[in-house]
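A.B. asks: Use these hints to put chains W and Z onto chain X, whose structure you have.
Chain by chain, the residues run as shown.
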Amino acid sequence: MRYLDEYRDPVLARRLLDEITAVTTRPWNVMEVCGGQTHTIVRQGIDELLPPGLRMIHGPGCPVCVTPLALIDRALAIAALPGVTFTSYGDMLRVPGTAGDLLSLKARGADVRVVYSPLDAVGIAADNPDREVVFFGVGFETTAPANGMAVLRAHALGVPNFSMLVSHVLVPPAMTAVLDAPHCQVQAFLAAGHVCAVMGYGEYEPIAARYRVPIVVTGFEPLDILEGILLAVRQLESGRAEVENQYARAVTREGNTCAQDAMRRVFRVGDRTWRGIGAIADSGLRLAPEFAAYDAEHRFGVAHLVAQEHPACIAGAILQGVREPTDCPAYGVGCTPRRPLGAPMVSSEGTCAAYFTAGRRRRAEVPA
Amino acid sequence: MCLGIPGRVLSIDGAGEFPMAVVDFGGLRREACLAYVPDAAVGDFVIVHVGFAISRLDEDEARRTLEVLRAMPEAVAAELGPADLGPADLGPVDLGPADLGAAELGAGELGAAP
Amino acid sequence: MSVVDPASAACPVPHVESDRVLLGHGSGGQLSAALLRDVVVPALADAAPAGPLQDAAVLPFGGTDLVMTTDSYVVSPVFFPGGDIGALAVNGTVNDLAMRGGEPVALSLAFVIEEGFPVDDLRRVTSSVAAAARRVGVPIVTGDTKVVGRGAADGLFVTTTGIGRRLPTARPGVERARPSDAVLLSGPIGVHGTAVLSAREGLGFDAEIASDTRPLHALVRAVIEATGEDIHVLRDPTRGGLASSLNEIAQASSVGIVLEEDALPVPPVVAAACELLGLDPLHVTNEGCLVAVAAPDTADAALAAMRARPEGSTAVRVGTVVAGDPGRVTMRTRVGGRRIVDMLVGEQLPRIC
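Chains as they are written, first to last, in the working numbering: chain X, 72 to 439; chain W, 46 to 159; chain Z, 666 to 1018.
Only chain X is shown next, with the shape it has when bound in the complex (with noise of 0.2 Å):
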């Protein structure tokens, strides 16, 4: 495929991967929020080929995994009631609330359905005005611009069976918190290509300066991640700490704006809770009081419904980048990809199922 196989290129990773090791004098770890560029790192076993002390850690970038469990549970309330029709993205069907997940509702007969894009879902309520059609609106800000246009046309068309559960996060928010977390081990961050192509990097400029740390603007095939942590790297080892853009070829300063207007027009920015870490200040989106109509949490009366989350969770600490899925007991025996316990096993890019399905086993066994 056309600017894909280029950037997959085993020669070229090979000089990347050369000219890391050149340059690495010391140890560092470098972040990247982005469940893309997990699924590449541990995919293409990269981060084993990085020189030794040279370590990538796997931050919160999987919007499915930090979707609060309170959320799974709303939607799960809704999914079962008559007359409606769920539809969601893929991944979202397996990931476990307090009792059970989509896909087991859908096992009992609720009407729960995946759906490419999610005009496909307005598309389902015009053709069947007698159901109530809810769309799960979870992602960063890659899927905002386009979650909320499923908004703008249900408005536009006059379909009013349509409404949307909104489990929206945004990035810088989540690096500043995992900056100010006091173990942070972070040193330099990848940043997510696909959110800067929406927001552009601007944003990333103040947290660059404030923690002093490099942030690199990446995209997601081999070759871009490889010249990404060689750009943070090379930034590392000579004191910099600045915002740099290795995905030139689709993301600018600024961003797209015309996108950014339609987000800014459906949504506001609030407080969301990201699941194994806890809240965090404006760092999620809800549907401004124009749309508030089409907000499936009032339309249904499940907004009142709270789970509790373990207050120790390391799914947690793993979605900080402080603790690795092999450090947990459960991860491997009686957590896994089949039977998952929590959030990050249950996404094919969770750091969890990540690091199981590439076989990481783990470190400490007991022998019997």
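Honestly, the hints are just simulated from the structure, not real lab data.
Heads up, some of the hints might be wrong.
Anything over 12 Å on all C-beta distances counts as not near chain W; from chain Z, calculated [stated by the list, open to error]:
| id | residue |
| --- | --- |
| 1 | Ala710 |
| 2 | Pro783 |
| 3 | Ser793 |
| 4 | Val801 |
| 5 | Arg815 |
| 6 | Ile828 |
| 7 | Ala887 |
| 8 | Ala938 |
Heads up, simulated SDA-like pairs for lysine to any residue below, C-alpha to C-alpha not over 20 Å straight-line [what the hints assert, rightly or not]:
| id | chain 1 | residue 1 | chain 2 | residue 2 |
| --- | --- | --- | --- | --- |
| 9 | X | Lys177 | Z | Asp684 |
| 10 | X | Lys177 | Z | Leu688 |
| 11 | X | Lys177 | Z | Val739 |
| 12 | X | Lys177 | Z | Thr729 |
| 13 | X | Lys177 | Z | Arg685 |
| 14 | X | Lys177 | Z | Asp819 |
| 15 | X | Lys177 | Z | Ala817 |
| 16 | X | Lys177 | Z | Ala713 |
| 17 | X | Lys177 | Z | Gly691 |
| 18 | X | Lys177 | X | Leu152 |
Note that beta-carbon positions come from the ideal geometry of N, C-alpha and C, so glycine has one too.
C.D. replies: Frame of chain X, contents of chains W and Z only:
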């Protein structure tokens, strides 16, 4: 959280309230909404995420990135020693403490047939 | 190895085992394997012979080895680019016989039809069954037809049972892979699954790709004639894709398998569909190719025999069987790293991330 794929705009239908394009991804065609890249033209490459174009792909920048990589000195490889550093040398990779080999499979998830 | 109690593992969500069968239990991956291992096989107990699960059963019978297999076909949509449920049913069952070295002798054909299914479609599917059977030269000798109420079946379900006669020098079995064996593929992967996805409403893409459903018995005959017992395993990687079949072989044979990502024949359109939907081509269903695990010094002869036939013209070696890591399938990645190739877990879900 960024499953965005580059594709080539084959045709644009501007009739509706926002332009829709048919985009080609290596022989496979799908519709994508151009509301957020309204100035995309036929023949342009766009990045498509969940059915929406979120960015035009700057082909000059793409070329530049590859040129920089291709220009990386091979001399670096020579400095690291005489060994051929091609993929063949990675052999059975030592995964360090995390790789506990066959003993790991006792849990039965991926183990040999019971 | 001591087992940690997950209840004390400080994870946020209590696990709830499903007491209902999930769609994922039919996907050919780990859930399917678990359903068989934990529910079906134990319940059959001594009513079924012991041994690893194979594509077809070999039954010694009056001096000959008979081969027998059965399969149900529930594909939706019923008609897709390159074929339909009828052709799939014939080819799929002929292929399962072939994977144990069986030449097809007879097929049975059973329909479960949903009330309201168009009669013309039923006629079309049946003609397709006939055409496929004629092409193979195997008669449909017995059958059954049932109709169920609206909603009780998804249009049409087809079940075919096949009886075959094993080629005298054929001894393929899932447990026979040995270290140093070569892992061969007869053709490209991911084609059928992508063709069906392109036809399925909701995922909305248009691709110039047709299912690769085809009978492989002639290909198998050619390979067996060239190499006989040195073909240790034959498998058609249908549901669950190549990854699941290789994992089954690695587990049943207690060996490791190492694949080369660069050697995998993934057609560009399949690669594109997988990129778009976030699917792994190693997990996509195939209906027109086979995996052969051959003794190392016969690999070239096996490849030559496959390439001499149109359905094997692009046959290629994709990996090697190793002694280390028994039960595990690993892959050397494009950029020189290493990755474990797991079985599909449950239903393949398109991802956004």
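A.B. asks: Next step is simple, just say for each hint if it's right about the structure.
C.D. replies: Hint-by-hint comparison with the structure:
1. With a minimum CB-CB distance of about 15 Å to chain W, alanine 710 of chain Z clears the 12 Å threshold, and the non-interface call stands.
2. Every C-beta of chain W lies more than 12 Å from that of proline 783 of chain Z, the closest at about 29 Å, which supports listing it as non-interface.
3. No beta-carbon of chain W comes within 12 Å of the beta-carbon of serine 793 of chain Z; the shortest separation is about 26 Å.
4. Listed as outside the interface, valine 801 of chain Z is consistent with that label: its C-beta sits roughly 31 Å from the nearest C-beta of chain W, beyond the 12 Å cut-off.
5. Non-interface call for arginine 815 of chain Z relative to chain W: holds, since the shortest CB-CB distance, roughly 32 Å, exceeds 12 Å.
6. At roughly 27 Å from the closest C-beta of chain W, the C-beta of isoleucine 828 of chain Z stays outside 12 Å, upholding its exclusion from the interface.
7. In this structure alanine 887 of chain Z is separated from chain W by more than 12 Å, as the shortest Cβ-Cβ distance comes to about 30 Å.
8. Distance to chain W contradicts alanine 938 of chain Z as a non-interface residue, since its nearest Cβ pair spans about 5 Å, not more than 12 Å.
9. This hinted pair checks out: lysine 177 of chain X and aspartate 684 of chain Z have alpha carbons roughly 13 Å apart, not beyond 20 Å.
10. For the suggested pair lysine 177 of chain X and leucine 688 of chain Z, the alpha carbons sit about 9 Å apart, so the restraint of at most 20 Å is met.
11. Note on lysine 177 of chain X and valine 739 of chain Z: the hinted pairing holds, with a Cα-Cα distance of about 18 Å set against a maximum of 20 Å.
12. Under the criterion of a C-alpha separation no larger than 20 Å, the hint pairing lysine 177 of chain X with threonine 729 of chain Z is inconsistent with the structure, at around 48 Å.
13. Taking the CA atoms of lysine 177 of chain X and arginine 685 of chain Z, the gap is near 11 Å; set against the 20 Å cutoff, the hint holds.
14. Proximity of lysine 177 of chain X to aspartate 819 of chain Z is assessed by CA-CA distance (about 16 Å); at most 20 Å being required, the pair is judged to hold.
15. Between the alpha carbons of lysine 177 of chain X and alanine 817 of chain Z the distance comes to roughly 16 Å, so the proposed pair stays at or under 20 Å and holds.
16. For the proposed pair lysine 177 of chain X and alanine 713 of chain Z, the alpha carbon gap of about 33 Å is over 20 Å, so the pair is violated.
17. Our distance criterion of 20 Å between C-alpha atoms is met by lysine 177 of chain X and glycine 691 of chain Z, whose separation comes to about 15 Å.
18. Distance hint between lysine 177 of chain X and leucine 152 of chain X is fulfilled; the C-alpha atoms sit about 12 Å from each other, no more than 20 Å.
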